[in-house]
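Asker: These protein sequences, in sequence, are chains A and B. According to my numbering, the first sequence is numbered sequentially starting from 754. According to my numbering, the second sequence is numbered sequentially starting from 56.
Hints are supplied without guarantee of correctness; some may be wrong.
Cβ-Cβ distance ranges computed for the label pairs, FRET-style [claimed, not checked]:
| hint | chain 1 | residue 1 | chain 2 | residue 2 | range |
| --- | --- | --- | --- | --- | --- |
| 1 | B | Lys154 | A | Pro890 | 31 to 37 Å |
| 2 | B | Ala189 | A | Glu860 | 51 to 57 Å |
| 3 | A | Gln958 | B | Gly153 | 33 to 39 Å |
Hints were generated in silico from the structure; no laboratory data involved. Glycine residues also receive a C-beta, built at the ideal position from the N, C-alpha and C atoms.
Here is how the chains run, residue by residue.
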Amino acid sequence: MDPGAVGRPRGGWGFWCACAALLVLLGLAAARARFTSDLKAMLPTNDAELNRLVGFLDARGTTRLLAIEATTAPGVALEAAKPELARLVADLAPRGATPLPQPGAAEMAHLVQVIEAKLPVLLTAEQLAALATDSAPAGLRAQLARIRQKATDPDDVFTASAARADLLGLGYRPLQALEAISAGAAYDHGLIVHPDGRSLLLPLQVDFDPGESGRTDALMTAADAAVARAAAAGVTLSVVGSYRHFRDNAVALRADSMTTVPLGAALIALLLWSLARSWTGVLAMYLPAALSLIGAVAVLSVCGGMVALPLVGFAATLLGVAVDYGIQMTTALRAGDAAPVHRPLLMSWLVSLCAFAGLLTSPVPALASLGVLVLGGLATAYLAARWLLPRVVAAKPRPDPWRRWTLPLLAWCERFPRRRLLLGALITLALAPGLGRLAMVSDLQRMDGSQPATRAALSTFLERWGSLESTNFLVCEQPEADAALDAIVTARTRLALPPSRLEQFMPGADERARRQAAWNAFWTAHGDAFRADLAVACAELGLRPAAFAASLARYQPVAEPIPLTLADWDGTPLTLALAGLLHHGDGAWQAASPVDRLSRPETIALPARVAELAPGPVWVATRIHMAERLVAVLSSDLARRGLLIALTVTVAVVLLVRRARPCLAMLLPPAVALAWTFGLLGWMGEELTPFSVLVAAFVGGIGIDCAIFLAQGEQRARLVSPVIACIATAIAGTSTMIVAHHPLLAGVGLTLTIGMGSCLVACLLLTPALAGRGAPPR
Amino acid sequence: MKCFLMLCACALIAPLLADPAAAAEALTLERLRAAAAGMTTLRVPFTQEKHLAILDEPVVSQGVLEISRPLQAVRWEFTGRSVLLFAHDHVRRFGAEGKEELSGRDPGLQSMAGQMRALLSGDWAPMKELFDIAPDTDGTPRLVLTPRTPDLARYLTRLEIRFRPDLGAPESILLVANGDDRTEYHFAPPQTGAEIPTARFERP
């Protein structure tokens, strides 16, 4: 420590009282801020399609499922997995995960009763087509033989009775739509047994959102313990679901922070110490930036906004611009003359304010909030740098420790300006074509920091079971339920998709009429032959044909239209399932029909197929499209904001400087730095994310700050070391993120490092060459 | 719907250890539960006759029911056909070849564990949720169970359990299904307290 670096407070009591009062006010306002980790409220509200997708999928709540798959080692019976799953259920229940409710015998009996009563309108065209085969003589004989065999089984009680009323088992055909996940899978005490008999699936419902990181952590920790315990018993448990992905991402971010933040902080501290040669000086350099965070949260809180925690992280990154103020002011104050810094500092601050003010008008709440945060932070940082630092940093003139290499470097940059400009142009020519290769990220999974084991488990699961939950839907809203349902049926037919449980059990009026007409036509055409065939087959198998009189009475044309409403399914296991797929709200009926077992390419192509083959009121809701739409909306708005910011900054600089060359010296280097940055990223094959685009604002902000300082011709030699220090610290902080395991963090780190490096090179190469050595701009 | 077999069994074992002198008293569920409390093991052969409307002739099968209260286990065997085992709180079904069949395919089996527990404990409460249970009014040692819900009544008309005159054991059970299909069980005199190996409840 260098006690001489920071002198005693040199303001009067009034000043310090005002400072203390202001700090207390900021602190109180910040303390009242309502923090949230829920980003839903931050999503754009100006895009109807995105709103529709978010609203629909959020209401489905399909992410609140956790699946546990159990397999056993060779030689270990699958039965051995059941006790392990039972223990896991007991462990997870207190943490909010419980098995899905199983239907009771009475509910199932009622379900069969409803199906039998509504049978002619519940059988789809495909099921009726299959009936033609089953009711033909060969099929009928085989069916009767099965009935005979089962009925004579001593532990069978009701087959004979049930067969008398429905000998073809038509009532059970619609139930195939309820078959557990994979065709042929079966339920067993709350578990689902895979058709291959080699794995069990335990679906669990979770009573909280995976975004609740604390509870998700506790849940997954308990699941991990159960997995380890089961492994010792030769049972492999695999946990699949969004909770595992959320936990992985949180763990990756935490681990990366633990490694990159201390390393970055140490590098920054060493860099600044080498410039200030005083730890208190280093602290003073960071004081405005530290206060700016409090100011940012306080201003957003006063403005009434919710403070989304991830946004604070971004705001902190952007407020890194404010470090520039601290470094410049502290260096100048320690040198004994801060006056030359005041003007560029004010210019820099005003330009930054203009730039980030462009975010305030964004219809994306996240960006508007970010704008408020950054403006509040910048204002606090400037006030602290301009009026607080002079009271706490004592003058201690000493030669700039970096002069030995910064001055020769500056001299090289100032010599032969045309050559420097030519060099800049050559670099631009080399890198700019890379801009044409840039593309927004096409696979959002590249932003996912899940462990390879987690992805492998999901992949294996999807391969084995098809899907965990329905995340793809055909949706239709109409004033009448029948109209919505019929539109879905029409779309499904044109898309050649099999009916979901919604179409199976809740056909619309038109589809009911079609099904009943088909039923009537079938039995009108085949009824007599069927009765004759039945008599023959019964005689062959030793059965009494008269016993099947109830079946024959049922297998008849039905003249009266058969009504069917949601209420008909009350008291059956379908009550909740169907209510979630067909409900009335906002003045219309919404029908949502799950589309399962689609590959990723098929899912991606689904909206286009619907638009092409089934244009009309039916639309597609999938998580993939919601994420893609979100990225598109954010990117589009960021692009518009970018243009607005560029325009605002240009106007601000022109108005402040009012001379062509200095203006160019301030505006061109950051623009060129951005072109270099994203051009290089394009050549490297990197894809842009909304986050990397946001990072461009940081690069631009630092770039223009540095250019403003380096444009001060006569002061340039004094200012060059702090300018380089500012960029070097940013590079030190961000380059450590490149080694992060989380792809998002590593991507942002890479973009920032390249951006900061480009800033440094562009500002040193172009600004002195363009601004010349004249007097500082007015 | 094999759970109904277990309902029959509940009715079967409870009175086995009842005091013969009490036969003259009215038959109540409390007496049956109290009587079942003293049981350790039970072995009883039976004959099943199924009179089905779809068949000209009745289907006759032989079997043995074994219960071990210390092991909390039940074995219901139809000789040469199938075996139902309840042990470790799980119901399993084995076919004629001794191969285990997937119990999950039969919803009746899924709810059977509860019935098995009732069978072992002598607690009739679960049955009263499904049936109205009434002793015969004319003094015959017989219980008549009728389904309480229309859904259940669609499959089962009634269940009759007739005890031996001394109430020491059941004599027969009649299960009348919808359409008047009838399944009758005729029980031989039971063996009680005999040692039944644990292995009998593990595999066929």
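Asker: Honestly, do Ala189(B) and Glu860(A) meet the 51 to 57 Å range at C-beta?
Answerer: violated, 27 Å
Asker: Taking 31 to 37 Å as the stated bounds, is the beta-carbon spacing between Lys154(B) and Pro890(A) within them?
Answerer: holds, 33 Å
Asker: Do the beta carbons of Gln958(A) and Gly153(B) sit within 33 to 39 Å of each other?
Answerer: Between Gln958(A) and Gly153(B), where Cβ atoms are some 38 Å apart, the hint holds.
Violated hint: 2 only; the structure is consistent with all others.
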